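Those protein sequence lines, which keep their order, are chains Y and A.
Using the UniProt record's numbering, read the first sequence as starting at 1 and increasing by one per residue.
Using the UniProt record's numbering, read the second sequence as starting at 1 and increasing by one per residue.
Keep in mind that the hints are not guaranteed to be accurate.
[Unchecked claim] Calculated cross-link-like contacts (lysine-lysine; reagent style DSSO-like; alpha-carbon spacing at most 30 Å):
| hint | chain 1 | residue 1 | chain 2 | residue 2 |
| --- | --- | --- | --- | --- |
| 1 | Y | Lys330 | Y | Lys52 |
| 2 | A | Lys32 | Y | Lys325 |
| 3 | Y | Lys52 | A | Lys325 |
Don't read these hints as lab results, they were simulated from the structure.
Just so we're clear, the structure is a prediction, and the values are computed from it rather than from any experiment.
Number of protein chains: 2
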Amino acid sequence: MKRMDLLSELVLENQTKLVLFVIDGLGGLPGKDGKTELEAAATPNLDKLAAKSETGLLQMIEAGITPGSGPGHLALFGYDPLEFRIGRGILEALGVGAHVAPQEVCARGNFATWGPGDVVLDRRAGRISTEKNKELISFLSENIKEIRGVKVRLYPGEEHRFVVVFSGDNLSEEVEDADPQKNGLPMRWANPSSARGNLMATIANEFIKKVRELLAKEEHANGCLLRGFSQAPHMPMLSQLYKIKPVAIATYPMYKGIARLVGMDVVDVVDREHSLEGLFEALSSQWDKYDFFYVHVKYADSYGEDGNYDAKREIIERFDSLLPKALELKPDVLVVTGDHSTPSRLKSHSWHPVPVLLSSPFVRPSGGAAFGERTCASGTLGIMPAYHLMGLMLAHGLRLAKYGA
Amino acid sequence: MKRMDLLSELVLENQTKLVLFVIDGLGGLPGKDGKTELEAAATPNLDKLAAKSETGLLQMIEAGITPGSGPGHLALFGYDPLEFRIGRGILEALGVGAHVAPQEVCARGNFATWGPGDVVLDRRAGRISTEKNKELISFLSENIKEIRGVKVRLYPGEEHRFVVVFSGDNLSEEVEDADPQKNGLPMRWANPSSARGNLMATIANEFIKKVRELLAKEEHANGCLLRGFSQAPHMPMLSQLYKIKPVAIATYPMYKGIARLVGMDVVDVVDREHSLEGLFEALSSQWDKYDFFYVHVKYADSYGEDGNYDAKREIIERFDSLLPKALELKPDVLVVTGDHSTPSRLKSHSWHPVPVLLSSPFVRPSGGAAFGERTCASGTLGIMPAYHLMGLMLAHGLRLAKYGA
Numbered sequence: 001m002k003r004m005d006l007l008s009e010l011v012l013e014n015q016t017k018l019v020l021f022v023i024d025g026l027g028g029l030p031g032k033d034g035k036t037e038l039e040a041a042a043t044p045n046l047d048k049l050a051a052k053s054e055t056g057l058l059q060m061i062e063a064g065i066t067p068g069s070g071p072g073h074l075a076l077f078g079y080d081p082l083e084f085r086i087g088r089g090i091l092e093a094l095g096v097g098a099h100v101a102p103q104e105v106c107a108r109g110n111f112a113t114w115g116p117g118d119v120v121l122d123r124r125a126g127r128i129s130t131e132k133n134k135e136l137i138s139f140l141s142e143n144i145k146e147i148r149g150v151k152v153r154l155y156p157g158e159e160h161r162f163v164v165v166f167s168g169d170n171l172s173e174e175v176e177d178a179d180p181q182k183n184g185l186p187m188r189w190a191n192p193s194s195a196r197g198n199l200m201a202t203i204a205n206e207f208i209k210k211v212r213e214l215l216a217k218e219e220h221a222n223g224c225l226l227r228g229f230s231q232a233p234h235m236p237m238l239s240q241l242y243k244i245k246p247v248a249i250a251t252y253p254m255y256k257g258i259a260r261l262v263g264m265d266v267v268d269v270v271d272r273e274h275s276l277e278g279l280f281e282a283l284s285s286q287w288d289k290y291d292f293f294y295v296h297v298k299y300a301d302s303y304g305e306d307g308n309y310d311a312k313r314e315i316i317e318r319f320d321s322l323l324p325k326a327l328e329l330k331p332d333v334l335v336v337t338g339d340h341s342t343p344s345r346l347k348s349h350s351w352h353p354v355p356v357l358l359s360s361p362f363v364r365p366s367g368g369a370a371f372g373e374r375t376c377a378s379g380t381l382g383i384m385p386a387y388h389l390m391g392l393m394l395a396h397g398l399r400l401a402k403y404g405a
Numbered sequence: 001m002k003r004m005d006l007l008s009e010l011v012l013e014n015q016t017k018l019v020l021f022v023i024d025g026l027g028g029l030p031g032k033d034g035k036t037e038l039e040a041a042a043t044p045n046l047d048k049l050a051a052k053s054e055t056g057l058l059q060m061i062e063a064g065i066t067p068g069s070g071p072g073h074l075a076l077f078g079y080d081p082l083e084f085r086i087g088r089g090i091l092e093a094l095g096v097g098a099h100v101a102p103q104e105v106c107a108r109g110n111f112a113t114w115g116p117g118d119v120v121l122d123r124r125a126g127r128i129s130t131e132k133n134k135e136l137i138s139f140l141s142e143n144i145k146e147i148r149g150v151k152v153r154l155y156p157g158e159e160h161r162f163v164v165v166f167s168g169d170n171l172s173e174e175v176e177d178a179d180p181q182k183n184g185l186p187m188r189w190a191n192p193s194s195a196r197g198n199l200m201a202t203i204a205n206e207f208i209k210k211v212r213e214l215l216a217k218e219e220h221a222n223g224c225l226l227r228g229f230s231q232a233p234h235m236p237m238l239s240q241l242y243k244i245k246p247v248a249i250a251t252y253p254m255y256k257g258i259a260r261l262v263g264m265d266v267v268d269v270v271d272r273e274h275s276l277e278g279l280f281e282a283l284s285s286q287w288d289k290y291d292f293f294y295v296h297v298k299y300a301d302s303y304g305e306d307g308n309y310d311a312k313r314e315i316i317e318r319f320d321s322l323l324p325k326a327l328e329l330k331p332d333v334l335v336v337t338g339d340h341s342t343p344s345r346l347k348s349h350s351w352h353p354v355p356v357l358l359s360s361p362f363v364r365p366s367g368g369a370a371f372g373e374r375t376c377a378s379g380t381l382g383i384m385p386a387y388h389l390m391g392l393m394l395a396h397g398l399r400l401a402k403y404g405a
């Protein structure tokens, strides 16, 4: 029996409030002083909480497997990440506010500068402004409403990026990128990667030609590329699965996107100068409206990817200093973890399991003196599959009935 | 490959003696002094044994899932509790000594007081005495041997409760309860929950009418209800799976029932005043006849459900004081664990994993100073699925051949 079906069968509704803090890329590796970013960070609040919590390590996918942000988050939301797979295109589409239904295919677009002979001179069109992008998308939307009966919807992104959603029968994501990959090469048109992708490839190429015609007089953005053709996966919604009313508090499009994919409401948050204060303010302001709160803290991952050990450590310290604001709300269950590790030493996501802390009135505290990778390795939760966490949060919220008599 | 099939393929027969002590509801949560019932209990014998044993935590079902007694025990006996599911009706039937074969359907019966217009006045017939119950069942058994070719067997239970087993072709458990659920309402007759249940529902209603006719002159028990129609699951027997000769030493019907279901012999034990001495006496007296001994200690769970922290602690202490009697028998493998947690703080079963101790000549001792939830969390067994325990016991009994060349 699948865990998700089991939880659905047992789930109860009540008034408990569950909070899931995801510090993106939280896990790390020892730096020069032998401590990870998290271990080196001065985190008095997390340490105090950890001593009263169950702690452990989350195996995001399986031993040795490095998760992308998509699978990492799906696992945290209770979806077996090896069963549910989503393309990056879908995530970005959702992130800019597009809705992608089962019959639809989306792709990531780049405005680009085309030269004679369909040579792509600049795959990013000189990084036009987001304002200019919005103007162009508005103009194109008026002039390309459908192609051969397939409806076209366009969404502006940041700078040169946009998203296009194609809606019609017999479309498939099995199409290779329409992108020469390097500046100065002739356009590489969309090709189907299987016969199922024939129609989508044809439509995509006609779309690109129309954009080229309509924008011929533009100085920079006189053409486009399309990448990452993707269909929406069939995801059961969190609210139906677990009788919760979930909300996402996040700043970056991708994380809002994945939250929408699993049926969360999304709150727009302005986070001035990486202060993280906007996240905690949103948590307070939404407190009465929801019962499951996913709060996403981006910059630990960004600095990890930059290889900036100290900046990653400081983001963790900033989070720690704000944590009391969340505790004041008296959540019934509070979890602090990450969606994957991003050791600044590796400058990338990594396969290392991720520290987790779960606080509720019904814990067997690990009693460790601090919140860190090594203390968590001997915590009372042990090393557990990340996609088991959601059920554990429901259990601690007394939201699961007994299995069997 | 399923674990059960793997074990069956590798299993060897020898003379080793394996003992599984199940302290019902053993796991707990910290009380006022920050210690669980088990951690607070003075258990010199368990502590001494734990230091020489492998210890760990058993995940009975999966993280966050609270097991009923049935699934908890099935897991301890090596059955994946998500694959093998048994209804409460079956457990209770087995508990009163009924045997339910694959072609049969059992139901829990209540003697009830019926009034005019088939209104059920008292769903428990004034809780008639168990003696009276036995008289009525004896009378009914003589007068209802079969209905439309379906054989009927009756078993008295405690007070107003009995069990009926129907034996014939085309019977199905897919029948809703024949029970108005509340006193003062008209009888609610059995209805099939699917077409497969048609025959069983008809037979059940005829049975209820016959009981009503036969007992019409009774003051209290002048009718009955039937609930929890259940068929026996198809369970492979322990003796066939693992070449062991198992016996159950238990006092409560449900635990005897589940032991019968997996093919154990059952010893009747009288446990005067919760002394637990009867259990240890039975273990001694049966020692030469069997090689696998399941010993069930009920009251830790009962007191946990009462919210009685101290009484639960005392039962554990009493068990500890008797443990040397088991050690004197020199079992080759001895396990002490529980079928689930019952923290007195929650007054119910809970999802928390259960401490386990495994003693044999071939252990890597954890070396912990005491037997408790937190020491077990860092024991050499780690946190393991409960249904893996049986194979581990067989291994320590040197009863499993090597896998592969």
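Of all the hints numbered above, which does this structure not satisfy? Sort the numbers upward. Number 3 only.
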